[in-house]
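Residue numbers (our numbering), protein chains in the order written: chain W, 89 to 465; chain L, 29 to 559; chain G, 1107 to 1400.
Worth double-checking, as some hints may not be accurate.
Said to hold, decoys possible - Reference excerpt, derived from the structure (chain W facing chain L, CB under 8 Å, subset only):
1. 198
2. 310
3. 314
4. 341
Hints listed in this document are in silico derivations from the structure and should not be mistaken for laboratory results.
Predicted model, so just to flag it, every value in this text is computed and none were measured.
Cβ coordinates follow ideal geometry from the N, Cα and C atoms, glycine included.
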Amino acid sequence: MTSLAGGLKSGLCVLIVWSVPHAALASKFNMRPGITEMSVRVQQIHQMGLWVCIIIGLLVFGVMFYSMFAHRRSRNPVPATFSESLTVEIIWTLVPILILVAMAIPATTALRDIEDNEDSDMTVLITASQWKWHYKYLDSGISFYSNIATPQEQIDNLEPKGEYYLLEVDNPLVLPTNKKIRFLVTADDVIHSWWLPDFAVKQDAIPGFINEAWTRIPVTGIFRGQCAELCGLKHAYMPIVVDVRPEAEFDAWIESQRIAAELAGEAAVAARAKTWTMNELLTIGEATFVKHCATCHERDGMGQGDKYPALSGSEIATGAIEDHLGRVMEGKADTEMQAWAPQLSDLEIAAVITYERNSWNNNTDDIIQPITVYEAR
Amino acid sequence: MVAHAQTIHKQRHPLLAFAARWLFTTNHKEIGTLYLWLSFGLFFIAGSMAMLMRLELFEPGIQFIDPIFYNQVLTLHGLLMVFGVVMPAFVGLANWQIPMMIGAPDMALPRMNNFSFWLLPFAFAMLLSTIFMEGGAPNFGWTFYAPLSTTYGPPSTDFFILGVHLMGISSIMGAINIIVTIINMRAPGMTYMKMPLFVWTWLITAFLLIMVMPVLAGVVTMMLTDRHFGTSFFDAAGGGDPVMFQHIFWFFGHPEVYIMILPGFGIASQIIPTFARKKLFGYRSMVYATISIAVLSFVVWGHHMFTTGMPLFAELLIMYLTMLIAVPTGVKVFNWVATMWRGSMTFETPMLFAIGFVMMFTIGGFSGLMLALVPADFQYHDTYFVVAHFHYVLYPGAIFGTMAAVYYWLPKWCGNMYDERLGKIHFWLATIAVNLTFFPMHFTGLAGMPRRIPDYSLQFADFNRMSSMGAWLLGLTQVLFLYIVIKAIRKGAKATDQVWEGAEGLEWTIPSPAPLHTFQTPPIIAEDAVH
Amino acid sequence: MASTPRYYVPHSSIWPIVGSIALFLTAFGAANFIQQSTEKVAAEGSFGAPILFVGLALLIFMMFGWFGTVIRENLNGMVSPQLDRSFRMGMFWFIVSEVMFFAAFFGTLFYARIISVPWLAGAGNKLETHLLLWPDFAETWPLFITPDGTTTETMGPWGLPFLNTVILVTSSITITFAHWALKKSNRLGLGLWLGLTVALGVTFLTLQVVEYQHAFAELGLSLGSGIYGSTFFMLTGFHGMHVTLGTIMLTVMLLRVIRGHFTPENHFAFEATSWYWHFVDVIWLFLFTFVYWF
Ligand code: HEA
Ligand code: HEA
Ligand code: CUA
Ligand SMILES: [Cu+2]
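Using the sequences provided together with the hints, build the complete structure.
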């Protein structure tokens, strides 16, 4: 696609978005047109399907209701005796076929465009795991995890629910406007599905395989979606938030992320060099635990049911440090306890283990230093 | 053994005699009754689970059941409704009606018939017992996608797998019995093109069952070996593919949904002519349409998997084939309307349910057609729009069909009429409640609410509240149905042999209640008789 | 006893419910037994094995009782031609269902060969799958090296498998000869040909065991060797189980022949067994072609 045509197209798209009355956009009764050229087309296909069904429905039900009214026994005591007509059978076989062909044509062309992943400007690798998203910008190497940010208290009805209840994350996926962005979608454990309604992108994340999808976003803003494939306990708590920024801002953001990553590397070196006190570790540890571990093991360390073991009083969390460290860093194969080594820093792992060993009913007085974690890597 | 068979009925303690009668019976009517009661019982259990889900979904946040239990209840609700309610109900109707409608003394293989039934209570007991097992019941949805159900499934998954095997054996034997009965036991002169449509649709359903239940058995067996014996069917690391599970499952699953509707088509095709007092319009095209639906059902399974990353040509092909199913289904709908056209209709309860069936099934079919449009399915898939679609085809489809059949044939079975006034109340309440429950789900789905979640964001709250209230009304309505049935059995007005003025067919030529053994000597169907 | 001259409708029978209980115990026991033996669930308080055992014993008891009843009814002349047809059709549709059971596994095999293995190696729209997830993986069939690096060797077609093909095809011929002999009232021929068929079935199974030992011990081929091993053992294993069942059925027929059962006109059980045997044979031909050969 030449840049002129591309510009025209996205210009047109912005126009469409703006010309759609806001009332319809906000309609609770219909599919949203979304904000990309593709999502608008998809919505039009939906609209076409809906109208075809409504019209045929009105016709069929109209005839039926008329018949129920006019051909009831009190009005038509003697039934007719006809029971066959090849002509009408042929008509009502052929006419629907024609309607279906007419519906299939726009669906086919739209699908062809949706599946055209060529010529992208940038690529994001999306990896799902229970129950978080990992984004990696393949062009710049930046990567991070994106977790739900709604506090547990809101879910448990202890606090009033915020406006974006269940639809907020700690680190949104940041994307630029007007670029063809290719998504590579995969998963680490079970099948998830990355869905952003406003882009009309829904792609299953299959462990061991990579699926592709793309979008081109004409406007800036914050857009929200959710995991759309049952992926276990916290399937409802796996939101997706995309923060779309103008290209220049996006580039600046990438640069800032790069610097932040470098700083984090330096901080890790510094953390290793330092000997941390129990209190420091407990504070960091608690924060880490609440953020990453409490979904399963619960804040009070009591776990949930048989499946998510209590850490309070747990043999591992009070036994040999190496076992504890190993379980947290490497996880346990084929369970939901995943390997945390790639996700957390040395300091965080050291802190969370210290925290676990000295909270609830556990009081081992053990202190684990980041250097221990570093060496265990 | 001959002597043995007789001694069983000898004088015994009445309780023993009662148990012996139902445990050892080979009579198609008694077995039909067993199927129907089992189905009804499981309907209440699975329905109560739906009530629990609707309770939790009444408001955002976690109030009554935690996500762990929600997933289990969701899975059992789906599994029980599909395998424990709709399928046994239709098999029960087949058992009662098919021999009477084709003039046969019984099913072709009566002992196997008993075997088919009695496997089911055990299978469902096993499935339900998983609730009490360590790690809880299966929690991966009725579609049990790998690897959530293999590597990550709870220990009770193995009992689920073996339970599916038992159900599968039961279904296959039941289907073989029905096919053989229809092919081999028709009274002289009852040619294929004179068979009542209920028999036709069941013949085709039984064929579908024989073709797909073994495939389900195969896929759960692969799950078992993946879980325990190191195979890698559904694991990319060994060269397999989790999506392959979905292919095999839906190769079973899509024909399965027609298994759950075709007998309903047959029922509507019996009832509408009766109350329109006019012959079924387009009998032949009805038969051919049913066959077309069955054939097409084998090649459209991929429409459940549009978002799994299939190649473009596969998505297109499956979209076209799926859309094509609307054509024969439309033919059926048009033929029903044409049957009503210029008839002389009355609207007793069976007719009301049949008309409700036609209308609301069509609405469900329409949303199915929308789902078939791949680009749009990217937005619908795994949202409440899909939940709305399949409850429209399943509740006002399969369940209304069953209820229409029960009202229609109950007087023949027990010799008493049901209470017409209550029946009508039941219909209207159910119709209002069904729409109140499931229609708003279209809107929540279009607004973007994923399915299979116990908790949702705030913008979906009002429609969910409506759905929940509708669901509780629907639940209460079914209690009314139970009352109506029991009342009819115990003290309804006596029914005539023909029961319905416009009814035609062999089952109406025998006394009401139908004696235990009918057509011991086959009736002769006249050369010029019509279906 | 027969309540109609035309069709014999049996009165109530205990065997189906015995069968239901037997299958239930078998299934329940099996689920528990499998869990324990593969250590998914602690073995203490183990109850799987005994329940499974009782279930299987009850199943065998049920079959003796049920089939015994049917045989006795048959010998008493209660089987009308129509009932005979019901039995035949029942057997036919049962075999259709068995075909579909195997179809699931053949479908798996073809899916792996045509779709999943090429995809993992980057075919079609799955190039990134190869580049990012399994860069070292190359497509071959049989799959010598899985994506995660498990290796195995393959079972060539022309040794034991080919011999087994010859054996099974021959056994299909011998059972047909036995059938002809039965139709001609040649009891001796019937016994001999049938006996030979049983012997061939047993030989097939023995060779199959030898082949499995070879696979495990020398080729490192097992259920855990990736999708090749998985499909190989599922297909040959279920086929082997069907051959075992078929051989048992043939043996029962042989015993009944020795007792003087069957007449040239009335021998449904024999025919059903022979259909089953042919079905098992045909499945093997597919197996040989697609699992071993191509
Ligand atoms: C009784 C059960 C039943 C029936 C009959 C159907 C009928 C149909 N279904 Fe449905 N379906 C289910 C049960 C059923 N379905 C279930 C349980 C699921 C979800 C499974 C899960 O994921 O848990 C599902 C999911 C499902 C999906 C997957 C959605 C997704 O997950 O993304 C799709 C997609 O194509 C689909 C399509 C259809 C179509 C095209 C029909 C057609 O057969 C409908 C044909 C009927 C009509 C169209 C109406 C009458 C016709 C006319 C009046 C003629 C004129 C009309 C036109 C020309 C428009 N169904
Ligand atoms: C034939 C099939 C069938 C039938 C009849 C029903 C009937 C009902 N279904 Fe269900 N349903 C499925 C098949 C069916 N369902 C399937 C296959 C799924 C997918 C599962 C999955 O995702 O894996 C599903 C999923 C499903 C969901 C989606 C859950 C989710 O995705 O998170 C919901 C939510 O509302 C729901 C609700 C209901 C309700 C309210 C009824 C009602 O109509 C039930 C009414 C009946 C009764 C209530 C019983 C009778 C009365 C009593 C027991 C007395 C007590 C009454 C009270 C306490 C009021 N069902
Ligand atoms: Cu991840 Cu649902
Ligand atoms: Cu389908």
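Review point. Any of the earlier hints contradicted here, and which numbers?
Key: Violated hints (numbers, rising): 2, 4; every other hint is consistent with the structure.
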